[in-house]
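Undergrad: Residues per chain are reported as follows:
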Amino acid sequence: MRFAVLLGMDLDPTPDDRGGPAQALLDIRDIKRHFPIKGGFFGGTVATVRAVDGVSFTIRKGETLGIVGESGCGKSTTARLLMRLMDPDVGSMIFDGEGVAENTQSGGIALKDYRRQVQMVFQDSYASLNPRLPIEDSIAFAPKVHGLPDREARERARELLAAVGLAPAQFARRYPHELSGGQRQRVNIARALALRPRLVILDEPVSALDKSVEAQVLNLLVDLKESFGLTYAFISHDLNVVQYISDRVLVMYLGKVVEMGPVDAIYDRPAHPYTQALLASRPSMDPGKRRMEPPLTGDPPNPVNPPSGCRFRTRCPFAEDVCAAIEPASADLGAGHQAACHMALPGSGHSKALQVAA
Amino acid sequence: MSALLQQDVPTKLAPAGEPLVRLRDLSVRFVSRDATMHAVNGVDLDLSAGEVLCILGESGSGKSVTMRALMKLLPKSAVVTGEIRVAGNDVQRMSENQLQEFRGSTVAMVFQEPMTALDPVYSVGRQIAETVQRHEGVSRAAGMARALELFELVQIPSAKRRLAAYPHELSGGLRQRAMIAVALACRPKLLLADEPTTALDATVQIQILLLLRKLQEDLGMGVVFVTHDLGVAGEIADRVAVMYAGRVVEEGPVSALMRSPLHPYAKGLLGATVHAGLRGHRLTTIPGAPPSLETLPAACSFAPRCAEAEPACLAAVPAERSPEPGRKARCIHVRVG
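Residue numbers (the UniProt record's numbering), protein chains in the order written: chain U, 1 to 358; chain B, 1 to 337.
I should point out that these hints are in silico values taken from the structure, not numbers from a laboratory. Only a predicted model underlies this, so the values are computations on that prediction, with no experimental measurement involved. Just so you know, not all the hints are guaranteed correct.
As the list claims (entries may be wrong) - Taking CB as the label site, the calculated pair distances span:
{"id": "1", "chain 1": "U", "residue 1": "S180", "chain 2": "B", "residue 2": "A141", "range": "50 to 56 Å"}
{"id": "2", "chain 1": "B", "residue 1": "R33", "chain 2": "U", "residue 2": "A127", "range": "27 to 33 Å"}
{"id": "3", "chain 1": "B", "residue 1": "R259", "chain 2": "U", "residue 2": "I326", "range": "32 to 38 Å"}
{"id": "4", "chain 1": "B", "residue 1": "S59", "chain 2": "U", "residue 2": "E226", "range": "52 to 58 Å"}
{"id": "5", "chain 1": "U", "residue 1": "M86", "chain 2": "B", "residue 2": "S48", "range": "42 to 48 Å"}
{"id": "6", "chain 1": "U", "residue 1": "N219", "chain 2": "B", "residue 2": "R259", "range": "56 to 62 Å"}
{"id": "7", "chain 1": "U", "residue 1": "P262", "chain 2": "B", "residue 2": "P287", "range": "51 to 57 Å"}
{"id": "8", "chain 1": "B", "residue 1": "Q92", "chain 2": "U", "residue 2": "S180", "range": "54 to 60 Å"}
{"id": "9", "chain 1": "B", "residue 1": "P287", "chain 2": "U", "residue 2": "L85", "range": "32 to 38 Å"}
{"id": "10", "chain 1": "B", "residue 1": "S59", "chain 2": "U", "residue 2": "A167", "range": "20 to 26 Å"}
{"id": "11", "chain 1": "B", "residue 1": "L296", "chain 2": "U", "residue 2": "L85", "range": "42 to 48 Å"}
{"id": "12", "chain 1": "U", "residue 1": "A325", "chain 2": "B", "residue 2": "R259", "range": "49 to 55 Å"}
{"id": "13", "chain 1": "U", "residue 1": "A167", "chain 2": "B", "residue 2": "Q92", "range": "42 to 48 Å"}
{"id": "14", "chain 1": "B", "residue 1": "T116", "chain 2": "U", "residue 2": "N219", "range": "31 to 37 Å"}
As the list claims (entries may be wrong) - These stretches of chain B come out as covered by chain U in the derived footprint (C-beta under 8 Å, 3 or more residues):
{"id": "15", "segment": "131–143"}
{"id": "16", "segment": "313–320"}
Glycine included, every Cβ here is placed at the ideal spot set by N, Cα and C.
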């Protein structure tokens with residue numbers, strides 16, 4: 001609460017709260033985003049990248065939702081859709097009960113208001129700051145756009161710099177190139193908080209940092225979440241970092257959610273063969289327990305022409321005919337743990353699935 | 001294992017008793033009009049044939065510069081002093097012609113980003129064949145035959161078809177395998193790998209690490225592997241050298257170093273690495289940031305960030321202390337027993 005008081009914020013951590021704690025902060029329903037590949041003699045569409053292909057999940061108030069997956073799985077496209085840096089082709093997004101970018105007369109929330117409450121931190125700390133603005137001005141920019149007077153916006157920027165551990169007197173007038181990678185990422189976090197958002201989307205925020213700096217930034221994120229009452233969507237390819245910071249985890253593969261659940265369930269009892277392989281691929285840190293065989297062979301396939309049925313079947317050691325024929329529905333494993341695998345679905349026809357009595 | 005790869009080639013063996021790599025008091029400075037950067041400040045390292053040494057460090061620790069010095073790949077602005085011997089050659093005194101022979105056939109390198117290290121306008125098969133033709137003076141057909149064997153060696157599926165592919169047509173994992181095939185083309189005795197798995201996905205990274213380890217064992221190469229990732233070092237290294245501000249602060253067998261590091265920096269690095277079981281706990285961090293290397297550090301470079309620092313740490317650069325055979329650390333608090 002320390003910084004919240006400092007910033008003169010309402011003591012209620014979620015002043016904009018509408019639906020109460022039980023209402024999901026963000027409810028994503030079956031969003032899709034495909035990118036056409038143009039080519040050929042007439043410049044027509046020759047193929048489609050199915051980057052995000054029917055994804056549904058919720059982000060609860062006050063939680064950290066970790067999103068993991070390999071390159072091409074659609075996790076960054078998902079982040080951009082959450083931020084509405086691009087619009088989904090189909091599907092809906094409900095933010096605390098209000099449809100995002102829908103008619104405000106009929107209970108929607110305008111994009112400008114949505115973006116005030118949802119902010120984003122990117123992986124590349126240098127590319128995401130304006131090199132010609134002192135960092136104080138970068139942080140004060142959004143509040144000014146949203147109508148805060150210049151002096152107050154600057155004040156807020158300095159308070160936020162202090163909150164992320166950069167002494168304002170020393171750092172406020174510096175330019176991005178005068179900071180180290182860890183310091184720049186702190187500035188990006190301060191900027192994301194400048195509009196007092198409720199949801200912060202963190203897209204690989206520590207992936208470009210050295211290990212000792214990574215730990216500092218992770219500690220900072222945990223502190224800020226507490227003092228500002230934030231909700232995080234944390235996207236990363238680093239399974240250890242996601243395990244450390246998340247309450248719930250969502251695993252993506254080729255544009256689909258393959259498994260979702262509380263962090264302990266995912267890490268202790270992974271149900272989807274892909275999640276199991278991903279977890280087994282982590283280097284062990286213990287030279288006595290070196291792996292002899294890789295858990296998976298080959299690279300993740302290209303999302304241009306994903307396999308039929310279950311998209312993981314081409315690399316899955318348990319694949320059977322049913323996996324190619326039918327796309328698995330999400331099996332409920334209890335306590336919010338879901339896996340989209342025929343082996344987890346009773347009566348799916350897979351030899352390892354529970355048989356359903358006729 | 002292909003017969004071709006085990007064929008005897010005229011080898012330049014190191015004199016008996018000399019390790020494959022011997023670095024003594026290696027220093028590298030980058031001198032420009034505005035500033036001098038002391039990137040590497042007195043590194044001593046040995047590597048035996050058939051051994052895997054991981055150089056572990058954060059950005060700016062001098063790990064990649066040390067590795068490039070082994071192949072004399074540093075730019076003209078670098079002032080290199082000290083002794084660099086690889087397979088009996090004094091690398092510092094080699095002429096450009098000798099270096100061309102030396103690079104590829106004695107020592108080869110795998111880079112982090114295969115897309116920028118491979119030539120985009122030639123097929124990968126052609127690039128391997130060219131290397132073989134250049135070094136061994138064989139025909140193009142023989143070069144291509146060898147390229148095919150190498151592709152099978154690095155476990156590229158449908159190798160024959162993939163030889164004709166251009167780098168952009170391959171996936172990240174296959175591209176890195178092709179890069180390893182280029183490096184192995186002339187059976188080097190020493191393979192240098194500069195963060196070869198950092199840009200890869202988790203499920204692909206473990207495949208490449210296992211492949212490198214298998215190739216190293218089968219071909220009996222010495223490997224110097226630069227990484228910032230402790231987990232990667234744990235999977236592949238025999239010995240680890242931890243670098244900080246241009247010096248090796250700790251060196252030892254991988255299991256001992258991972259279990260009980262001696263130097264406070266190595267301890268901090270292990271503590272700051274996020275792993276299972278830390279959930280809900282605060283991460284230990286190393287306060288502050290690495291020093292600027294514009295002045296040559298005259299004391300322990302880690303002292304300003306070290307919780308155990310005392311005045312004696314600032315008096316001089318700590319000498320290497322060895323508490324047990326095979327382990328060394330540059331810290332005055334290490335007990336020599």
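Undergrad: Next, verify each hint and record whether it holds.
TA: Hint check:
1. U:S180 / B:A141: 50 to 56 Å: Given range 50 to 56 Å: holds, Cβ gap about 53 Å.
2. B:R33 / U:A127: 27 to 33 Å: holds, 29 Å
3. B:R259 / U:I326: 32 to 38 Å: violated, 49 Å
4. B:S59 / U:E226: 52 to 58 Å: violated, 30 Å
5. U:M86 / B:S48: 42 to 48 Å: The hint (42 to 48 Å, Cβ to Cβ) is violated, given that M86 of chain U and S48 of chain B are roughly 54 Å apart.
6. U:N219 / B:R259: 56 to 62 Å: violated, 25 Å
7. U:P262 / B:P287: 51 to 57 Å: violated, 33 Å
8. B:Q92 / U:S180: 54 to 60 Å: violated, 33 Å
9. B:P287 / U:L85: 32 to 38 Å: About 36 Å separates the Cβ atoms of P287 of chain B and L85 of chain U, which means 32 to 38 Å holds.
10. B:S59 / U:A167: 20 to 26 Å: holds, 24 Å
11. B:L296 / U:L85: 42 to 48 Å: holds, 47 Å
12. U:A325 / B:R259: 49 to 55 Å: Roughly 50 Å apart at Cβ, these two residues keep to the hinted range, so it holds.
13. U:A167 / B:Q92: 42 to 48 Å: holds, 46 Å
14. B:T116 / U:N219: 31 to 37 Å: holds, 34 Å
15. 131–143: violated (count 0)
16. 313–320: That given contact is violated, which follows from only 0 residues of the segment 313–320 of chain B lying within Cβ reach (below 8 Å) of chain U.
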